[in-house]
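Could you put together the complete structure from these sequences and hints?
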Amino acid sequence: MTGSVLADALAFYDQERHAGQTRLISFTATGGRANEASRTETACWHRTVQFMTGFAAMTSSATPPADDDAAMVDWVDRGSSIIEPASTGEAYINFPPPVSPIGSGRTTATTTPDC
Numbered sequence: 059m060t061g062s063v064l065a066d067a068l069a070f071y072d073q074e075r076h077a078g079q080t081r082l083i084s085f086t087a088t089g090g091r092a093n094e095a096s097r098t099e100t101a102c103w104h105r106t107v108q109f110m111t112g113f114a115a116m117t118s119s120a121t122p123p124a125d126d127d128a129a130m131v132d133w134v135d136r137g138s139s140i141i142e143p144a145s146t147g148e149a150y151i152n153f154p155p156p157v158s159p160i161g162s163g164r165t166t167a168t169t170t171p172d173c
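Residue numbers are given in my numbering: position 13 of the sequence shown equals residue 71, and the series is strictly consecutive.
Take the hints with a grain of salt, since some may be wrong.
[What the hints assert, rightly or not] Okay, the calculated beta carbon distance ranges per label pair:
#: 1; residue 1: Gln73; residue 2: Pro143; range: 14 to 22 Å
#: 2; residue 1: Glu94; residue 2: Ala128; range: 16 to 24 Å
#: 3; residue 1: Thr146; residue 2: Gly78; range: 28 to 36 Å
#: 4; residue 1: Ser96; residue 2: Arg75; range: 39 to 47 Å
Just so you know, the hints here were simulated from the structure itself, not pulled from any lab data.
The beta-carbon is built from N, C-alpha and C at its ideal position, and this holds for glycine as well.
In structure tokens:
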């Protein structure tokens, strides 16, 4: 991930935060020995990446107001688009959203940058 992509992601982090929101940008190191297995030996087949990154937003309410919910979804979508230039184009889908823009019920929840 380039310094400019990281700087843009961090600058975006606190923009337009609604009261009560908790936000998270995660960076999970993956390289090293994990990259020694072939792509088909384990459930996680991303063998060329060094990190997985992702955005998450939440509130303490199980049923947040619609505008808060929409703001969280928008923030995750926009944050993901900021780091997309550093992506390999692959995704580790761990938490599929209830609504998917691609119609399959699943979409990318984590982008895997090629570092």
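Hint check:
Glutamine 73 and proline 143 have their C-beta atoms about 19 Å apart, which keeps the hinted 14 to 22 Å range intact. Range check, glutamate 94 to alanine 128: about 43 Å between beta-carbon atoms, so the 16 to 24 Å window is missed. Remark: the range hint 28 to 36 Å for threonine 146 to glycine 78 is upheld by a beta-carbon distance near 35 Å. In this structure the supplied range 39 to 47 Å holds for serine 96 paired with arginine 75, their Cβ-Cβ distance being about 42 Å.
Violation of the numbered hints given earlier is confined to hint 2; every other hint is satisfied by the structure.
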